[in-house]
Every structure is written in structure tokens, then in C-alpha cells.
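Residue numbers (the numbering used here), protein chains in the order written: chain A, 1 to 480; chain B, 1 to 249.
Everything labelled a hint here was simulated from the structure, so no lab data went into it. Note that the Cβ used here is the ideal one computed from N, Cα and C, for glycine as well. Every clue listed holds true.
Straight line, CA to CA, 25 Å or less: simulated SDA-like cross-link-like pairs of lysine to any residue: (1) B:LYS109 <-> A:THR165; (2) A:LYS292 <-> A:GLU325; (3) B:LYS114 <-> A:LEU153; (4) A:LYS334 <-> A:VAL278; (5) B:LYS140 <-> A:PHE19.
Some chain B residues flagged as far from chain A (calculated, every beta-carbon gap over 10 Å): (6) ALA44; (7) SER64; (8) GLY65; (9) GLU66; (10) ASP120; (11) VAL128; (12) GLY129; (13) LYS175; (14) LEU187; (15) SER189.
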Amino acid sequence: MFKLILYKELREIIGSTKFAVTFGICSILIILAFFSGIKNYQTGMEEYEASKAAALRQYEKETEWTKVNSLQIFLTPEPLMSLIMGISNDLGRTSYVNGRNKPEIYDSNYSQQPVFAVFRYLDLEFVFQVVLSLFAILFAFDAINGEKERGTLRLSFVNSIPRATYILGKITGSFLALALPLLIPILIGILLLPLMGIVLSADEWIRLTFFIVCGLLYLGVFLTLSVFVSGLTQRSSSSFLFLLVIWVFSVLIVPRASVIIAGNMIEVPSKEEISIKVMKLQQQQSIESEQKLKELYRNYFQALSKNSDPEASAREEKKLQESLEKMLTERTKKREDFSSRLKEERRNIQSGQEKLAFGISRISPTAVFSLASTTLSGTSLELRDHYQKTAEAFSSSFADFYFEKTGFNIGNPLKIMLAMNKKEKSITLIDTSEIPEFVYQAPELSFILKDALPDTAILILFNFIFFAGAFVSFMRYDLR
Amino acid sequence: MTETEKSVVLEADKLTKRYEDGVLALDEVSFAINSSEIFAMLGANGAGKTTTINLFLNFIEPTSGEARVSGIVTHKEPLLAKEKIAYVSENVMLYQNFSAIQNLDYFAKLGGKKEYSRDDYRDVLLRVGLQEEAHNKRLKGFSKGMRQKCGIAIAILKDAPAILLDEPTSGLDPKAGYEFSRLLDKLRSEGKSILMSTHDIFRAREIADTVGIMNQGKLVMQADKDELSDKDLEQLYMKYMAGYMEDAA
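Build out the structure end to end from the sequences listed, making use of the hints.
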């Protein structure tokens, strides 16, 4: 009986003109999303290689390693980033690493091509998020009340069918009827990857598979929700309207509103506020330094006037140099510590705000799907944090490299200045291939999967809740 | 089938239904329909005809009393009782994207009949008067009469001892109505017990063995075909309806 109802549902949906049209549109959009994603990746890689080469070229004519005191690094494009873009276009693509300051990220895709910021890209996440949810609603909004309106529900239940079997067969059949055909354009899209020269690593294949699973779970959420609502209402027009309102809230309102609510509840200090505070400290330090400098020079000149012996004066000069250096280092360190502390505080507050926004947004299945898919593609906010960490680690290794090459600490501008101004200069060009290369690598698979697990679990939970709702509402449904 | 072989198939025993809002839809209705018998229920809208059918189909549970099919109490053993019932609604819609044969195949299997072949479906569709060229066409383009024929074919395929018909001739043209009467006649001769709700007094008198008139949830009159020959059903019907009108006034 279950199989009979399942097959009927499959045939009824797949045989309809409505299905042919919507399936056609979905297929085109999915294949287009794959195609444009691949093209974006290829363009991104070309730009990346060109920018990387240009960044190294500026040091090609240098003869002193001391001049290589800053490096421009670039976010390495990844195929999954192009298919499921997340924040990758909003996030900058480059940073300057100098071994001392924390690298800032600049130059986002959207700042380069603002038109895309207006309408955004057509990526897989968008197609799944918007089109698949509508697809599910369109086919299941009248799953129960529509059958009642057509009289087929009554005619079916003239026979000795348990209600549970009927609703199970109906939901499973509807899900398979929508999900299985959708796998065709997805498979075509996946085939395009190797055909267009994109090689995915084993980890990326696994992440892509998990993304598709999440997409199907998301489809299941809207399907079971539609059946649930259909079982709560007597007229299909009412359920359609109701589902449309839910869709608008889930897809458009809740994710945006959660950010606004969290923004109002937790205020994050702006970067400008931090800069002003650091500047104030700097001004205060300058006033304090002035006093100290006066004292140092007074002592120095007093010592010189007491003893005019050249050896003693050299000793005094060295002493003064050391004192100046110590003062400058302490001042810089204090300022940097202060700035780092403020930035750290800002980051913590921001992290709290993000957590709150995501927490609120998780009442929307669309937001949950979005969070899961961007985590799997490596384009969630984690991309920013992971890039930052990787860039900081690289900055530190760059400082070591600099020390190795120059014998100076990159954080010691005075010595560097002295070294740069030394009279004996090397005539041999530096070998830029020795400069360490920055390659962004996504977090480990286990970390990504662990991160995506809670949202995947919530999607499963949504499915379970709406399925249970559909089941219970149908068990109590008035068949007359 | 002889008179002695006849047995009660459909039976309403003091069947009462009061809805949650307090409306008494059916008030101690009792009747019995033997095999090879047609019982026509006449009555205005809201008289309780469809409620009676719904109680036999267990779409609602009785407040008191029992509806029995072949001795099985419908609200106690609904799945078992439904095996004994076939049903044709007033407006058969079926699955519009399926052909007539596909609809028959689905509903026959749903009724537990898995042994039928395409030839069986074709035969039964021809029997109910649906032309062969329509058998494989989607129901989308079917007229009400054609869909009604498919509904009857489904009921025939189920081969249940009892058939419930809810306003089956409403909207049918005279020719289709006549063909329908002949078909019912045939089903009766095959031993089926048929309960038919209708507004069509003349069709009821023509085909039914027993006619009952329902008014405000009560079976106010019940008469055999033999008795009806001496009475004017139309007059009786109007009399009871007029009574209803007076009550309402």
C-alpha cells in the first residue's frame, strides 16, 4: 500500500506540466550556477596569479633584504567558494603583512565590481535557498486539502488504508519526486567541474556532497512544512497564502531582522573609535616622551661637558642610543598592546553579536541552510577569522624570514633605518623566489564538518518537527 | 438470487449524529438494505443524506447508534468495513494527470484488487459507457459525465457487496442518466446492495426498490417500490418538504 501511494505521488508530480516547467527552470538555474561558479573561479585564479606575481615584481630590483619589509598576500580562490559564495565577495582579497601589525583585509570583489553587490551573484546557495523552497511549496501546498477539494482524498479513504501509511507514502513520494529529478542537473553541474578543468580535492568532494545533502534536507523542510500547513487548512488557496507568508519571513525577513536585532542589542565599537583611542594614547605618549627626551639629552650633554674624552663621549652616545631605542620600543609596544587589546575586545563583542544574530536567525530554516552551506563551502564568517589567523601566522613566519635575512628584528624600525642608510650597499639582486609564499588553505575537513554539524542537525530537526506536524494534522484531518 | 437468499448488507440502527456545535444532523435513523436492493434517499440539502453516507464510510463517528456493513460496525472496525464498500461521489474528479486506465489501476489496487489487467480496465470502462478512445487520455479534458463513468467503473472494480452513491446523477444529461439507471439495474442483479442519495425523484422511483425521504436529520418516510406504485412520490415528497417548510416558519 505504501509503495502504491508513493508511486502514485511520483507519477502524479512528475507527469504534471507544472513539474515540467519548474523542473526545467530549476535545472537551468542549477547548471548555470555551476557554470558561472566555475568561470568565476577561473577568472579569480587568473587574477590571483597575476596579483601575486605583481606583488613580487616590486622587489625584483632590490639588492637589500631590509627593503623587503612588507608583503602583499592574497586570498587563494577555491572552487567551492565560487559555487557557494557566502561572504567571499564581501571579504577583502588581499592584505599587507609586515611582521608586526595584525594584517587588515582590503579590496573585496564587491568594491571592485559594485554592480554585483546590488544584485548579488547567482550561486548554488541562492538557487537552493530561494528556488528549491518555492519549488517544494508549489508542489506540496495542496498535498492534503487539494486532494480533498478534488475529491480524491474521500475516494481514497473509501478503501481500507491506514492514514499513517497514506501520509507516509505521500510525503516520501513527494520528496522523491522533487529530489530525484533535481539530482540530475546537480550531477550535470558536478560533471562540468572536471570537464572545465576544475580539480577538487577529496575533502572538497566530501564538502560538496554534504552541501547537496543539506540542500535536500532544506527541500524536505519546506516540503513537510507545506504538507503540515495543507493538513491544517481546509482550502488550498489558504495554505498557499499562508506558506507564502512563511516563505517571505524565512527567506527574506528573519535573516535580516536577526542582524538588526543583534546589532541593537550588542553595540560593536567602530574601527574609527579604536583608532581615535590609539591616537589619543599616542599624543599622550608624545607629551611624556618629550619630557623623557629632554631629560636624556640633558644627562647626555652634562656627561659630555664633564668628560670630553672621545672614548667616553662614544660611550655616552651609545648609552643615549640605547636609551632612545628602549624608550621607542617601550612606547611602540605599549601602543600596540593597547591597540591589540581594543581590537581584541572589539572582536569579542563582534563575535557575541554574530552569535546572537545567528542564534536568532536559526528560527528560519533558510538561515540555517545558509549557515550550514557557507560553513561547508568555507565562505562563512569563519573564512574571515581563519584567513586572519593564517595571515597572522604567515606574518610571524615572515618576521622570522626577515630576521634570518637581515639579522634585524622586523619590529625594530630604528635599526632597520640605520641598516637601510648604511654606506656599503650590496650590488647583488635579491632572489625573490626565496620570499615565503602565502597560500590560504581552508580549515581541515573534520573542523568544517564539526562546524556544520549543529546546523545540519537543526535542518534534520526542522524536518522531524514538520513531518510530525504533517503526520498529526493528517491523522486528525476531516476527510469529508 | 432468490428472495430467501437475500441478506441485509447495509444497515442503519438508530443512527444519530450531533456535531460539536450542537447541530443534530441525524436523529435515530434506521433502515436496512438487502443484497440486490437499491435504497434511494431523497431530501433537501442538509436533510442528512450525506451525513448518513459519511457515517457508513466512517468519515465521522456516530453520536449513538450504529452503521453496519455486512454486519460489521463501521466505526468499530472501519478498515474491515471499508473492504465491503464502494463509493461514487456527486462530482468525481480523480487524478487529472492520469488517464482513465491509470486512475482505475490506482484505485483498484488501493481497494486491494491487484489481479486486474489492462483488458479488465478496458472492459469495465466500456461497460460503463466510456468510449475506447478516451481510455488512455488524461482526465483533464473529461466532461463531468465521463468522469462520473470512471467513478462508477472504480466502484465496480472494487467488487464490494455495498455501493454508496452520493447524488450520482446530478449534472448528467438525460442520456447519461438513463445509462446510469441501466447500470444500477445490472449491479443490483449482480447482488449489490446500493444506497443512493438523490434529489431526482423520478430516477429514484424508476430504479429504487425502497425510497426514503429525509427531513431535518430524520427518515420521515420509507416506502417499498410496490407501495409507491399506488402513491405519488412527488406529492409525498412535497408534502414532507412542505411540512419542513412549515416547521421552519
